Amino acid sequence: MGFFDDKQDWLEIVFRNYPPENRRAAVMPLLRKVQQEEGHVSPERIREIAEILGTTATEVRGVMSFYSYYQAVPTGKYHLQVCATLSCKLAGAEELWDTLRAELGVGPGEVTPDGLFSIQKVECLGSCHTAPVVQVNDEPYLECMNRERLRALLEGLRAGKPLEEIELPGDCGHEVRKEGA
Amino acid sequence: MSEGFIVSGHDPRFERTLYAHVGRPDAHTLDYYLGHGGYEAARKALASMTPDEVIEEVKRSGLRGRGGAGFPTGLKWSFMPKDDGQQHYIIMNADESEPGSFKDRYILEDDPHQAIEGMILAGYAIRATKGYIYIRGEYRRAYDRLVAAIEEAYARGYLGKNLFGSGFDFDLYVHRGAGAYICGEETALMNSLEGLRANPRLKPPFPAQKGLFGKPTTINNVETIASVVHIVARGSDWFAQMGYDKSKGMKLYQVSGPAVRPGVYELPMGTTFRELIYDWAGGVREPIKALIPGGSSTPMLPFNDDTLDTPMDYEHLAEKGSMLGTGGVILIPERACVVDVIWNLVRFYGHESCGKCTPCREGVAGWLVKLLGQIERGRGKPGDLELIEDLLDNIEGKSFCPLADAAVWPVRGALRHFRHEFERHIEEGRCPLEKKGFWG
Ligand SMILES: Cc1cc2nc3c(=O)[nH]c(=O)nc-3n(C[C@H](O)[C@H](O)[C@H](O)COP(=O)(O)O)c2cc1C
Ligand code: SF4
Ligand code: FES
Chain A
1 MGFFDDKQDW LEIVFRNYPP ENRRAAVMPL LRKVQQEEGH VSPERIREIA
51 EILGTTATEV RGVMSFYSYY QAVPTGKYHL QVCATLSCKL AGAEELWDTL
101 RAELGVGPGE VTPDGLFSIQ KVECLGSCHT APVVQVNDEP YLECMNRERL
151 RALLEGLRAG KPLEEIELPG DCGHEVRKEG A
Chain B
1001 MSEGFIVSGH DPRFERTLYA HVGRPDAHTL DYYLGHGGYE AARKALASMT
1051 PDEVIEEVKR SGLRGRGGAG FPTGLKWSFM PKDDGQQHYI IMNADESEPG
1101 SFKDRYILED DPHQAIEGMI LAGYAIRATK GYIYIRGEYR RAYDRLVAAI
1151 EEAYARGYLG KNLFGSGFDF DLYVHRGAGA YICGEETALM NSLEGLRANP
1201 RLKPPFPAQK GLFGKPTTIN NVETIASVVH IVARGSDWFA QMGYDKSKGM
1251 KLYQVSGPAV RPGVYELPMG TTFRELIYDW AGGVREPIKA LIPGGSSTPM
1301 LPFNDDTLDT PMDYEHLAEK GSMLGTGGVI LIPERACVVD VIWNLVRFYG
1351 HESCGKCTPC REGVAGWLVK LLGQIERGRG KPGDLELIED LLDNIEGKSF
1401 CPLADAAVWP VRGALRHFRH EFERHIEEGR CPLEKKGFWG
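Respectively, the protein sequence lines represent chains A and B.
All the letters of the first sequence, read from the start, carry residue numbers 1 to 181 under our numbering.
All the letters of the second sequence, read from the start, carry residue numbers 1001 to 1440 under our numbering.
Okay, chain B solo, but in the shape it has when bound (with noise of 0.2 Å):
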């Protein structure tokens, strides 16, 4: 266990950055985090390490985006242009709205210095001196928490003019999303940020060339920005003992449904799912059937061994035909219809279609939800799941963004692992299992 590379919670090696603060009274202070060695990662980045020496030690550290899409940081902020003189821009991505994910609210919610130093270290690396938080409207507790620490870091000198004797300027902006979950992507976030609808832009050009009000732009996801403070605090070398190969460092996950102690839990990455649900989770709290592995766009598996001793990383996920995503568990309960679940998902991916493609807006939000609605309720066709099942080849990687494939890929798990489920809804023409209260 002490030996080679950190894979357990359990690892006496292994220590909390990200969520050692989370949860305890007043962490969301400037006192508080100053206290706890707070801003000393900026201060020493600022003042010995040069833009670029940042970028190398993310590199190193083989940091890789955490909302989602899994890209390498590092080499994602070397493609930002250097000394063209045109303004740069760090974006926050803190949309945060893909069901079952709900890591980043507490960073900010609680933590929200930490938050403002990742975007002064990214911000620096990639030589903006303007940034932008991007938060969902919903969140309310972090977006008043953020302003204050926003208000608190200028008072202080943290913001503003000049950080930390350097010379370099940095300030930063919060901009409140209003219910979107398009807005999550890179470019329709932008065009939200500028007051157009949040439809996707077309790329190329990509955000380091033309990104936000047509600046190169860099975004990231909060758990991203956030793991880069400790990067710079520690090394990339302590970053880089945790995880296996091409998945590195510490991550948020998140467990959600009848476990004992649903939550965000922080571990290194390629904690096996065993751990994360019976050790730190506590167990479950009645017989579970399928779990989704990263946030409600990535394929379901069924709840088994082989399943709870698979590492929760990029590359062991990708073997099993999930993903990591965001990290988000959610555990579906044996007395749940998979059918139910499925369309549930489905429908808000319709929902959330922008309609600015015909394979999302079509087959999505028209086909697929009209077909998963009829068999759900119990007036399926023989022949149906061939038709999905042909509609998922004409959608999936062709469309304009990724929330069409969003919503084909847990429509393919749970036809992998409980087409069964489907088979019996048609041919009994009702939902099979009892609907039971679940409300308490």
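Same shape as in the complex, but just chain A (with noise of 0.2 Å):
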């Protein structure tokens, strides 16, 4: 069965935000849907979303490997994406992907045996002033990240707990402002 089969609302809902005759700018939020429920995109999906935009899998291929969200290989359930931009770089961002590589014992394109965790490193994620900082697929962003930080979120993630509900301990160690002061 293909994966938009039983996503025909969903669908349409998509392609409302284009004109009729652009399909293919929904390009985008397609591969994203795949990525988000399967971890990758796989080849078959490629030719299934080529197939729904009308355009060819080579395209769909082109506009997929042009972005560094989209993942050809299958990644972990949890995939940690740690910025290696200056600012994080700065506050820690090596140690941080140091400690991430030894603590899971995997390296960028691979899964960890139970299936849990892959890495990869990202560049500035906007959140510089709260560096350094990881984000898990595509969720809310963990900032200020520490040694303790990030074992309370492996741990959490291990024991099966939404990220939502996982705490962090401590904070930035320092203010962060973002109001009008």
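Source of the hints: derived by calculation from the structure; they are not laboratory data.
The structure presented is a predicted model; accordingly, all values stated were derived computationally and were not measured.
Be a bit skeptical, because a hint or two may be false.
Straight-line C-alpha distance at most 25 Å; calculated PhoX-like pairs for lysine-lysine [to be verified]:
1) Lys1130/B to Lys1203/B
2) Lys121/A to Lys1370/B
3) Lys1044/B to Lys1082/B
4) Lys1082/B to Lys1130/B
5) Lys1210/B to Lys1130/B
6) Lys1356/B to Lys121/A
Chain B residues, not near chain A, derived (Cβ > 12 Å throughout) [claimed, not checked]:
7) Arg1013
8) Tyr1032
9) Met1049
10) Glu1056
11) Gly1165
12) Lys1203
13) Phe1206
14) Arg1261
15) Pro1302
16) Asp1309
17) Glu1389
18) Ile1426
Among the chain A residues that face chain B by a calculated CB cut under 7 Å, a handful are [claimed, not checked]:
19) Leu86
20) Pro169
21) Glu175
Beta carbons are placed, not taken as given, at the ideal position from N, Cα and C, and that holds for glycine.
Bring the two chains, given one by one in their own frames, into a single complex with the hints.
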């Protein structure tokens, strides 16, 4: 069965966002939907998307490979994305990455044997004032990460807790302002 | 302090608008927004101003684009054709991916109706009945809040048909990115939105002639469009009272790095670094050697009195050999190595190069990354810095889009002010700074 067979209503809503003569504009939301639910976008799904959009698999693959979010190989249930850009680096992103690699025993493109975790370095997430930053799947950011907070995150996820229920101990260690002050 | 232009957040006449409600509970809801004067600017404009009058008001205000380049907004709007019978589009650029920038995010998270109202005004002015908000894919909370706000607005008649009984229809859509910095460049963004690979397009034709889906299009940054709400509500004189000569209005400055209170601060254009860093961000937590003034593409400046007393606006920063950019200030601590810092940024731009043109693909992603990487790893050779400078000359201004320039500028700034650090790296064949644990 196709991935989108039972999602016709959802598709219709997505297509309403674009002019009817530009159906292929919906390629990104369709890719995202598959990535979200299946953890990667397989060649089979690429063909399915191409068919829905009236384009070729090559075109869809071309778009897909342009972005860092869509994955061609399977990811873990929790795909941990570590920001590696300047502010996060200055706040310890490299140590965070090394710790994560050692702790999980995986490198980029791999998944832990229990299927739970995969890791990826990403670029500036737009949260430099709360560096270092980690994003799990496409959930809201985990900010001001340190050893204790990382440990609590992994423990919580291993225990099967939903992300929003995992309490990260401590805080940024500095005030964070976003109000008009 | 109470005469002349407002160039300090301490001026009693200064009042926060863009971020007045950010951080307050429920500020993202329609009821809160309406309870704080929400949609009054749009109501006023649609009832009592022609589209051209809105454009004139924005022109008079002196507002310049907050996405980085500082192009005059009213002028950009006046390029849109009139009575051409075509569909026009307004696009809000919420891709916010320039390292050091995170100001647009909280408008969308905490005050999404402000963004929607700005889109109605901009759409009305340029005669666009359809608008898109292109939001970077990682901004999950902002996306959720934005979509919820748009639904609320439709349900209560603030979007859709015949807004405020004026006969003006406006539909608003959200498109999510998926992790590619180049999508912030306006023509790449349009390709991304159309479902194509996000390579920049050749200009001309400019977006105002042939933009999204081949139709006349205007694209502006989130902060730019939100500023229009307050220009219409309070008048262009109010806006132009803030800032210096050609840099007007309020600005969202960002501070990251070891400040006491890193974050976003709304201040009058022309506020000094000293005021931002010491008065608002509470000072620094450790010795600082440099600052990047406006997002990672802007050349760094040494952290000294001369820099600290510089007003943060387009002209004053240009005089110092740098740029206002997005207003994202990054503090570089003394213990950090400038070579390492620049290597991280050049690697970023190399990674984000779309590969379309040779100066960027071969020059930035290829040679610049390679040469700086070698120096960083202690394998630099005498003559490498001259080679790099030669390379920079061959890239700057010669690429298809400004991404390659954005990689060149930080290197130039670092070589100008911290050349000795690069030289030591090459001479000693290693990083002279002990890499201390940054990781708490
Ligand atoms: C590589 C590159 C990335 C850009 N990224 C952004 C961005 O994330 N957000 C933004 O508003 N403008 C970005 N811009 C600038 C846009 O191309 C465009 O000038 C801007 O959105 C216009 O809006 P404004 O006039 O309101 O500033 C980028 C430009 C380049 C060359
Ligand atoms: S400068 Fe870089 S990002 Fe811009 S078109 Fe050329 S290769 Fe692409
Ligand atoms: S550098 Fe990591 S969020 Fe900006």
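A quick look at each hint next to the structure:
{"no.": "1", "hint": "Lys1130/B to Lys1203/B", "result": "holds (23 Å)"}
{"no.": "2", "hint": "Lys121/A to Lys1370/B", "result": "holds (20 Å)"}
{"no.": "3", "hint": "Lys1044/B to Lys1082/B", "result": "holds (22 Å)"}
{"no.": "4", "hint": "Lys1082/B to Lys1130/B", "result": "holds (16 Å)"}
{"no.": "5", "hint": "Lys1210/B to Lys1130/B", "result": "holds (15 Å)"}
{"no.": "6", "hint": "Lys1356/B to Lys121/A", "result": "holds (24 Å)"}
{"no.": "7", "hint": "Arg1013", "result": "holds (15 Å)"}
{"no.": "8", "hint": "Tyr1032", "result": "holds (15 Å)"}
{"no.": "9", "hint": "Met1049", "result": "holds (27 Å)"}
{"no.": "10", "hint": "Glu1056", "result": "holds (28 Å)"}
{"no.": "11", "hint": "Gly1165", "result": "holds (25 Å)"}
{"no.": "12", "hint": "Lys1203", "result": "holds (21 Å)"}
{"no.": "13", "hint": "Phe1206", "result": "holds (20 Å)"}
{"no.": "14", "hint": "Arg1261", "result": "violated (4 Å)"}
{"no.": "15", "hint": "Pro1302", "result": "holds (17 Å)"}
{"no.": "16", "hint": "Asp1309", "result": "holds (21 Å)"}
{"no.": "17", "hint": "Glu1389", "result": "holds (22 Å)"}
{"no.": "18", "hint": "Ile1426", "result": "holds (22 Å)"}
{"no.": "19", "hint": "Leu86", "result": "holds (5 Å)"}
{"no.": "20", "hint": "Pro169", "result": "violated (12 Å)"}
{"no.": "21", "hint": "Glu175", "result": "holds (4 Å)"}
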